[in-house]
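With chain A's structure known, arrange chains B, C and D on it following the hints.
Protein chains: 4
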Amino acid sequence: MPRQQFQDLGFGTKAAEAQARLLNRDGSFNIRRKGLPFFESFSGYHYLISIPWWQFSLWILCSYIIINACFGGVYYLIGASSLSGIDGQTPFRQYIECFFFSTQTFTTVGFGRVAPVGDVANTISALESMTGLLSFALATGLLYGRFSRPVARILYSRHAVVAPYNGGDEEAKTGFMFRVANQRSNQLIEIEATLSLVWLENVGGRRVRQFHELEIERKSVKFFHLSWTVVHPIDPSSPLYGITKEQLDASEAEFLIILKAFDDTFSQTVYSRTSYKAHEVAFDHKFVGIIRTASDGITEIDLDKIHDHERV
Amino acid sequence: MPRQQFQDLGFGTKAAEAQARLLNRDGSFNIRRKGLPFFESFSGYHYLISIPWWQFSLWILCSYIIINACFGGVYYLIGASSLSGIDGQTPFRQYIECFFFSTQTFTTVGFGRVAPVGDVANTISALESMTGLLSFALATGLLYGRFSRPVARILYSRHAVVAPYNGGDEEAKTGFMFRVANQRSNQLIEIEATLSLVWLENVGGRRVRQFHELEIERKSVKFFHLSWTVVHPIDPSSPLYGITKEQLDASEAEFLIILKAFDDTFSQTVYSRTSYKAHEVAFDHKFVGIIRTASDGITEIDLDKIHDHERV
Amino acid sequence: MPRQQFQDLGFGTKAAEAQARLLNRDGSFNIRRKGLPFFESFSGYHYLISIPWWQFSLWILCSYIIINACFGGVYYLIGASSLSGIDGQTPFRQYIECFFFSTQTFTTVGFGRVAPVGDVANTISALESMTGLLSFALATGLLYGRFSRPVARILYSRHAVVAPYNGGDEEAKTGFMFRVANQRSNQLIEIEATLSLVWLENVGGRRVRQFHELEIERKSVKFFHLSWTVVHPIDPSSPLYGITKEQLDASEAEFLIILKAFDDTFSQTVYSRTSYKAHEVAFDHKFVGIIRTASDGITEIDLDKIHDHERV
Amino acid sequence: MPRQQFQDLGFGTKAAEAQARLLNRDGSFNIRRKGLPFFESFSGYHYLISIPWWQFSLWILCSYIIINACFGGVYYLIGASSLSGIDGQTPFRQYIECFFFSTQTFTTVGFGRVAPVGDVANTISALESMTGLLSFALATGLLYGRFSRPVARILYSRHAVVAPYNGGDEEAKTGFMFRVANQRSNQLIEIEATLSLVWLENVGGRRVRQFHELEIERKSVKFFHLSWTVVHPIDPSSPLYGITKEQLDASEAEFLIILKAFDDTFSQTVYSRTSYKAHEVAFDHKFVGIIRTASDGITEIDLDKIHDHERV
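Residue numbers (this note's numbering), protein chains in the order written: chain A, 1 to 312; chain B, 1 to 312; chain C, 1 to 312; chain D, 1 to 312.
This is chain A alone, in the form it adopts within the complex:
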């Protein structure tokens, strides 16, 4: 029963009424979550791990400047005389020198040309160097976390195709297919695919959104060093049987895809998601071959052409 299966995927029955795409091409959900206080839903680690590199660098740099501006201000307020080696004549010059002393303390570089003399300045600088070490530790952890996070960079063919294919036996079959490859040079092992379809169907005169899990000919492959063409055979048991391009477009169909794999470098399980909307499915097209045997007998794959398909 479609409705049941729709819930199996974790979308409520209500979500079936959405007109917009459920899953974006990049695998993120096209769903709004409201009503949670910001701080409860916010996971700082998750945020800082996921933002682009330039944003992350900016965060680090700004935090560094702000923290030192504050500590510099504190030293200035204590009185610049509590730091030996301050030469500045104007308050502004003195603040600047306090700021730089703060950076030297925060990073523990501690040149010593400027150094704390009074008890208060010494106490602040003791706290600041401790804070500095811990802050950099955290920045470091985040930096390394970003760098080393296992992320499956799966290359999905831009379009899915519907075309005849050779299922191994001589009988001709038609299939819904898309092609995937590993964009990175690390090894992915034991890749599994799940393919689901959500579209509008006539149920009792009304057009309601329905869900189908689509059979895949080979749910998993051991290695993923070449490309993999995932095939859903369009046989009489498939909801796509006899469907034309026009019908598919009219049904607002969306194909939801989940890939699961084991990353050999990180020894961890990784997931990847994407979806194809009806207009991203090419009928009577087939993928251009990208695997060939080179003249030296070695198998070769040309990932440049992974998106290429041609009329049958």
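In case anyone wonders, no lab produced these hints; they're calculated from the structure.
One should not assume that every hint holds.
[Claimed, not checked] If you want the footprint, here are the derived chain D segments under chain C, 3+ residues with CB under 8 Å:
#	region
1	99-106
2	218-227
3	256-268
Positions of the beta carbon are idealized from the N, C-alpha and C atoms, including for glycine.
Relative to chain A, chains B, C and D alone:
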């Protein structure tokens, strides 16, 4: 056999006699463990990873002060003359300066205004800077461990409800239900639920605590981006069949819940637990819908109302 | 077939001839591995993660002293005049000052009282501070690795017992039992046990070592917050059926145990192993109850008495 | 159907036409990937984690020199007068001193003999010490990542053999066998093996490459402390039944092997791969025994002889 299943959950038959709740709302066990020497049962890492942030900060700060007070004391005992740049006239002032020199060594900031001159002072400061680096490393590891630990922050509805529901076919059914959502914005995948009931039953005239595993209509969902209403159908095979609110209260029933999921950000499996006591179950109430399609066609969930239920 | 199963456990048929214990009480293998060059079989990380704390500290301290003794020697050879602030008159005093300068560079504390002036000294100190940072980083990683490694600290009862037990129905049964508990306060989830027996049997007149996998009444429990008594029922299908204490001793029996669990704090799977030899099995003894309901209705476990058993 | 199974392994049907080995002895794929822009396929972390130690050290050292050469250049351009303590008379001498000041800032050793005085120099050195901390943090992470990465170092026997073996019952059997052992002293648990054959077969008059999954007598073993001889029984259902050494050579056969295990030290799943080509299979040879019981009753394995086999 209830008794067997009770043991399957890992509670001995003796635990069946407890009158108190077995599992607290926050998922911790309401069980006392005695008889283990403190140091054998204590896992420092586990402790420092789990305490609240303010306690953790206090630990770090106190350790920092104590360590430097000790090292400062050692420098003072060696004789402040073994440090160049000490200006203090009274013993107390000298100790304070030794203390601050210690912080500068421990954090490796090493301004150099005060510096070790004798062999003993040099040896102590060589050891202290080494200790400092290792200690901060440890603090750092803990800090990062706290920050990056995969924790499932599951939002459980405050009450469970017993109400009719639409099981997909047109026939009316009654179910025991509770609602869960992901409080964080990270992705949880392949969520599985287990629901158990422990209550008092009449067995051979005596009221003894018995255990039942309750069937769930859909034991797992693929995605967990919206909310999920976990449903136990109260059909003739359910021990809850025909039970009234009064009977449930009298039986001191406790519903034990385990959720298991895969965290996409951390690539790790996470668990969450909770329980509902009889008085936290609302009869003839149903959950208020929180998923709707916004005017722009996008599915929307309002987590503010996750606890809301209304009379049927 | 016993021989097959013996191989299933990963011991060759040859290992069946050993007279010594296969598995020690602490779970390590009583097997010698020869013929591998030291460096190929040696995993530095594994070694430094597993040695006791005092050995690890000694390693760190010795490495620290040796590295600084070497760098100190290099500075001395360059000529102590290439360091400003060296006061020593004798070669030995100068070497000592070079050594301390080296520690200040290696830990990056850099007081600056002694500082490099020549190009060679500057180059060496640039390399040393880099080496220092990387070395401490490594020490740090190891320190944290040791601290945070998920280790199942399972408390096994000192003896296994053979005794009647109540299997849930009223019929009396005899079982081979041992009791386990979690020594740490962290949560272990989904604990699974495997129990195997290896002993001497008469096969065609010869006494040969044979292997049996023993059935366990409940192969896994969900939670492991209390103790768990693992029971192998000695029914007619068990190789232990009708065996006396004397026969068991004569057979040189060894019971091999593997526990597998999921650690909730570390989100990782952990294993624990142990074995009981025939003389560690108490016949006609049963374990003393250690779980009780306290006066406030809360379940209580007394781990002090986990090893306690008494004559039936 | 072989073709299907060939795809199950993740090699396309096209790869079946390759004449070269598919998998190298060290487990890497003998496949060329083209057409991806360097930066998209490149995973810096993966690269720096996998290169040999000498290359990694060179990377670190060169980066260190280049970064300091740049920062040194910046200080020189600002004007060496903005650094106190610069004594150099010639531009070259001044640049060298700037370079060394840069190393002292970058590593945060900060001796202070040379120290920034002007605002620009102070700003640059504030940025440099921050960059230094983050860079070393990254280098550190990589260093530790390399050191602690769970890698299964499986020792495969140099040759596979085809020989009679004792399958437990008295009837003689012939098997395809290879022998594996753990090269490291860490524990591998629950080892699973998969064995596949790819060779040329006559199909409809043409010689086409075909794939077969070969049955293994014991797909997994619990422990892996001794060696494990993986056996494929050559019975009538095996494609190797009745095949001679000459036929195997002519078929260009390649045996693909995948081992999967759980690493007890790292609590992670690890994989190992290798392959045997036809010329690496010794017919009518059997492996020399390497497990024996020493005079003290302890089982002993001699890994020196793991490759040794002798004529039957």
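Evaluated hints:
1. Coverage of the region 99-106 of chain D by chain C holds in this model, with 3 residues showing a Cβ closer than 8 Å to a Cβ of that chain against a need of three.
2. Counting residues of the region 218-227 of chain D whose beta-carbon sits less than 8 Å from any beta-carbon of chain C gives 9, enough to reach three: the coverage restraint holds.
3. Judged by the Cβ-Cβ criterion of 8 Å, the region 256-268 of chain D is covered by chain C as claimed, because 5 of its residues qualify and three suffice.
When each numbered hint is compared with the structure, no violation occurs for any of them.
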